[in-house]
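These protein sequence lines are chains D and R, in that order. Here the first sequence stands for residues 1 to 329, numbered as in our numbering. Here the second sequence stands for residues 1 to 342, numbered as in our numbering.
Keep in mind the hints are simulated off the structure, nothing from the lab. Predicted model, so just to flag it, every value in this text is computed and none were measured. Glycine included, every Cβ here is placed at the ideal spot set by N, Cα and C. Hints are supplied without guarantee of correctness; some may be wrong.
Residues of chain D clear of chain R, computed beta-carbon distances all greater than 10 Å [unchecked claim]:
hint	residue
1	76
2	99
3	160
4	197
5	285
6	329
Taking lysine-lysine and the DSS-like style, the derived pairs with C-alpha atoms no more than 30 Å apart in a straight line are [stated by the list, open to error]:
hint	chain 1	residue 1	chain 2	residue 2
7	R	132	D	269
8	D	327	D	269
9	R	85	D	269
10	D	136	D	151
11	R	132	R	10
12	R	44	R	256
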Amino acid sequence: MNDKLLEVEGLETQFNTPDGVVHAVNGVSLELHEGETLCLVGESGCGKSVTVLSILKLIQSPPGKIAAGKAFFKGADLLAMGNEEIRQIRGGQISMIFQDPMTSLNPIMTIGKQLEEPMLLHLGISKNEAQERSVKLLESVGIPQAADRLKDYPHQYSGGMRQRVMIAMALSCNPQILIADEPTTALDVTIQAQIVDLVVRLREELGMAIIWITHDLGIAASIANRIAVMYGGFIIEKAPVSELYAHPTHPYTIGLLNSLPQIQARGRKRLYSIEGMPPVLYQMPHSCPFAPRCKWVVEHCWHENPPLDPIGDGHEVACWVDTVTGKER
Amino acid sequence: MNNSNEVLVKIEDLKMYFPIYRGVIRRQVGSVRAVDDVSLEVYKGETLGLVGESGCGKTTLGRTVLQLYKPTSGHVYYEDVDLTKLKPEAQRQMRKYMQMIFQDPYASLNPRMSVRDIIGDPMVAFGAASGKQIDDRVRELLQLVRLDPEYANRYPHEFSGGQRQRIGVARALAMNPSFIVCDEPISALDVSIQAQVVNLLEDLQRDLGLTYLFIAHDLSMVRHISDRVAVMYLGVVVELSDRNEIYYNSLHPYTKALLSAIPVPDPAYYETHQRIILEGDVPSPANPPSGCRFRTRCPIAIDECALERPELREVIPGHFVACIRVNPEEVQHKEVIDQESL
Ligand SMILES: Nc1ncnc2c1ncn2[C@@H]1O[C@H](COP(=O)(O)OP(=O)(O)OP(=O)(O)O)[C@@H](O)[C@H]1O
Ligand SMILES: Nc1ncnc2c1ncn2[C@@H]1O[C@H](COP(=O)(O)OP(=O)(O)OP(=O)(O)O)[C@@H](O)[C@H]1O
Ligand code: SF4
Ligand SMILES: [Mg+2]
Ligand SMILES: [Mg+2]
Chain D
1 MNDKLLEVEG LETQFNTPDG VVHAVNGVSL ELHEGETLCL VGESGCGKSV TVLSILKLIQ
61 SPPGKIAAGK AFFKGADLLA MGNEEIRQIR GGQISMIFQD PMTSLNPIMT IGKQLEEPML
121 LHLGISKNEA QERSVKLLES VGIPQAADRL KDYPHQYSGG MRQRVMIAMA LSCNPQILIA
181 DEPTTALDVT IQAQIVDLVV RLREELGMAI IWITHDLGIA ASIANRIAVM YGGFIIEKAP
241 VSELYAHPTH PYTIGLLNSL PQIQARGRKR LYSIEGMPPV LYQMPHSCPF APRCKWVVEH
301 CWHENPPLDP IGDGHEVACW VDTVTGKER
Chain R
1 MNNSNEVLVK IEDLKMYFPI YRGVIRRQVG SVRAVDDVSL EVYKGETLGL VGESGCGKTT
61 LGRTVLQLYK PTSGHVYYED VDLTKLKPEA QRQMRKYMQM IFQDPYASLN PRMSVRDIIG
121 DPMVAFGAAS GKQIDDRVRE LLQLVRLDPE YANRYPHEFS GGQRQRIGVA RALAMNPSFI
181 VCDEPISALD VSIQAQVVNL LEDLQRDLGL TYLFIAHDLS MVRHISDRVA VMYLGVVVEL
241 SDRNEIYYNS LHPYTKALLS AIPVPDPAYY ETHQRIILEG DVPSPANPPS GCRFRTRCPI
301 AIDECALERP ELREVIPGHF VACIRVNPEE VQHKEVIDQE SL
C-alpha cells in the first residue's frame, strides 16, 4: 500500500445560488494508495459527495464550479482533462456507485442491458461476451438465477438487490478505483451487512482501491484502512482506522464518537451531545469552522482557520488545541 | 426509567390488514398483513423499544395502537378502557393522553403554519385553551424542548431537522399526554443532533413521568433508551425482553442476526467477531411464509418450522421468544447488572 493511485490537492468547489455562493469544498487534499480503502465520513452537507463528484468532473456547471485543485490519477490530472478523455476513465478505471440506486438505474431498461453497456464501451468485447460476463457478475454479487434475472427491470428487484446490481455494474470493467457514495445508507442493517461483506470479499479478489462515503462511524470501522473526517467543506482529521478510533483528536471527531451509544457497554450513561448546528457555507470562514460548537475553543480559533497538520503515526488534524493536554499547540 | 409493573397500555391479539385491490372494479385480491396478532403490555413510566427491518409493521402497530387505523381485529386498552370499542368522538378525546412523534421532521409539520399555531393546534382542537393562554403555553413548551420562546412566530422552513423534531415533540406534549409513540424520531437526523434529541426525550420522561413506545431500526440507540425491547419480523413479535437480556442473552435467531449486523464504531471488534450474514430479503407481508415467518432466512430452520406458527413463550421470567428451536429447559438465565445506571 505504498503507491499513490490518486492524489487530490487543494480541491475547491462552489455553487452559485440565489442566496449566495455555497462554499461546499474548501481546499480538500487526500491520497488513495493501491488496494486501500479510504472512508470519507461526516454529517449531511459537509461536502462528501461534492468532493468525489468533483474528482470525476461530475459537477454540473452552472451552478457548480471547481474553483481550484488538482486530482492526479496515475500521473495525469483528471481536473485538467477534456470531456472525452475523462469519460474514458469514468466507469472504466474509476467507477462510481451513486448515493441513490433508484435514480442511477434506468427504470425502462433491463438490468442486463444496463450491465452490458459500460462493458461494450470500455472493454471492447462482443455482445455475447458481455452477456456471459453479466451473468458472472450478478452471480458474484449473490443474485440467484442470474441468467434469468438479466431480463428483469429495476422495479422487479428489491432495494438490497438493486444496490448489489449497482456494485456489479461498478465492477464490470475491472476498475482500479471504486468510489461508493453511501451505498448502504438506505438499507436495513441486515442487508447492509450483506453488502459490506460482499465488497470486502470482492476487494480482496480484485485488489482495487476504494473511496467509501458514509456518515456511519460503525460502517467506517468495519471497512476502512484510513478515515478522513469532513466538517463544513474541510477535512479536519485524517488517520489510519485503528489510530482514529483509539485516539480521536479533533474536538468534532471526539464529540461524534462520544455521542454514539455504546452497544457493548453494560450501563446506561447519558449521551454526550455536541450542541449547536453544522455551519452554513455561504462564507469562507476566517475562523475554525467548528469554533461555535467547540468545548476546547481558545482565542486563536476565532482568528485563523487551523491547517491540517501531521501529528505522527500517519495522523493529521486541523485544530489549534492539543485535545490531550488542553493546551494550544 | 421503568419503575412500576402497572400496565398503562395493553395490546391484545391485534391485527391490522391492509386490503390489496386489483383491476378496474377494484376487487380485493388479498391483504397486506402488516400487524398479525401482536400482544404486548406497556408499563407505566417505561420505554418499550420496538425494532425490526423496514416494512415489518412497526409504524402500523404504533398507529393502530393510537387508533389512527381501525384494527382488523383485537383490542387496545388504555388503563382499563378498550379503545377499539369507543365511538369516534370518545376516541378523539383519548388522544389527549396518547400522542405520536413522527419519523420525518420535514414532512410532519405544516409549512404554512407558524410554530405557535402548530404547537397550539391540539389545544384549539380540544378546546382546551384560547388566545393568551395558548401563547403562554406555547412559550412554556418551547422552553421545555430547549428552543427559544421567541421562535413562536417563525415557520418550519426556518428550522433545522433537529429543531423541527423538537417542535414536533412540543406539539405532542401540548395536552400533557401520558403515553407517546415515538416513530423513529431521530433516524432522519445527523449523528451530532440525534444525541441532543434523545437526551431531551429522556429528560422529559423523567420530569413528566411519560411512557414511550419507541420505534427504531437503530438497535444501539434502542438499547440505550429502552427498558424493554420487542423485536418484530413480518408483522409478528418474535422476541421480547429486558434491554440487557436481549443484548447479552438473545435467543431468537433473527434477533441474533440483527444484533450481529449492527455496525460497531470500533475496528478491533471486527477482528474478533464473526458476523451472522442473513441470506436474502424479507418476504412480502402479503404472502408470508407458513409456520415461522423467519424460516426462509433462518440459519437453524428445520422442516417442523413450516408447520405451525411458533407462539411467544416466556422461557425465562420476563423473556419471551417465538421459536420452536429454543428449548426452555436448556436456556440459562444470565444475570446482567446495569453498572452505571442513573
Ligand atoms: N447543485 C447544488 N447547488 C447548490 N448547492 C449544492 C449543490 N450540490 C451540493 N450543494 C451544497 O454543497 C454542500 C455539500 O453537499 P454534499 O452533497 O457534498 O454533502 P454530503 O456531505 O454528501 O451530504 P449527505 O450526507 O447529505 O449526502 C451542501 O451544503 C449542499 O447544500
Ligand atoms: N396505508 C397502507 N396501505 C397499505 N399497505 C400499507 C399501509 N401502511 C403500511 N403498509 C404496508 O404494511 C407493511 C408494514 O409497513 P410499516 O410502515 O408499518 O413498516 P415499518 O416497520 O414501520 O417500516 P419502516 O422501518 O420502513 O418505517 C409494509 O409492507 C407496508 O407496505
Ligand atoms: S481549532 Fe479551536 S475551535 Fe477549532 S476545533 Fe480546535 S479547539 Fe475547537
Ligand atoms: Mg452525499
Ligand atoms: Mg415505519
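Taking the hints in turn, this is what the structure says about them:
1. 76: Given a closest Cβ separation of 34 Å, the condition holds.
2. 99: holds (15 Å)
3. 160: violated (6 Å)
4. 197: Per Cβ check, residue 197 of chain D is inside 10 Å of chain R; nearest 5 Å; violated.
5. 285: holds (18 Å)
6. 329: holds (24 Å)
7. R:132 - D:269: violated (40 Å)
8. D:327 - D:269: holds (28 Å)
9. R:85 - D:269: Given pair residue 85 of chain R, residue 269 of chain D is violated - Cα atoms ~42 Å apart, limit 30 Å.
10. D:136 - D:151: Measuring from Cα to Cα gives roughly 15 Å; hence the hint holds.
11. R:132 - R:10: Not satisfied, since the Cα-Cα distance of roughly 38 Å exceeds 30 Å.
12. R:44 - R:256: holds (28 Å)
Hint violations for this structure: numbers 3, 4, 7, 9, 11, all remaining hints satisfied.
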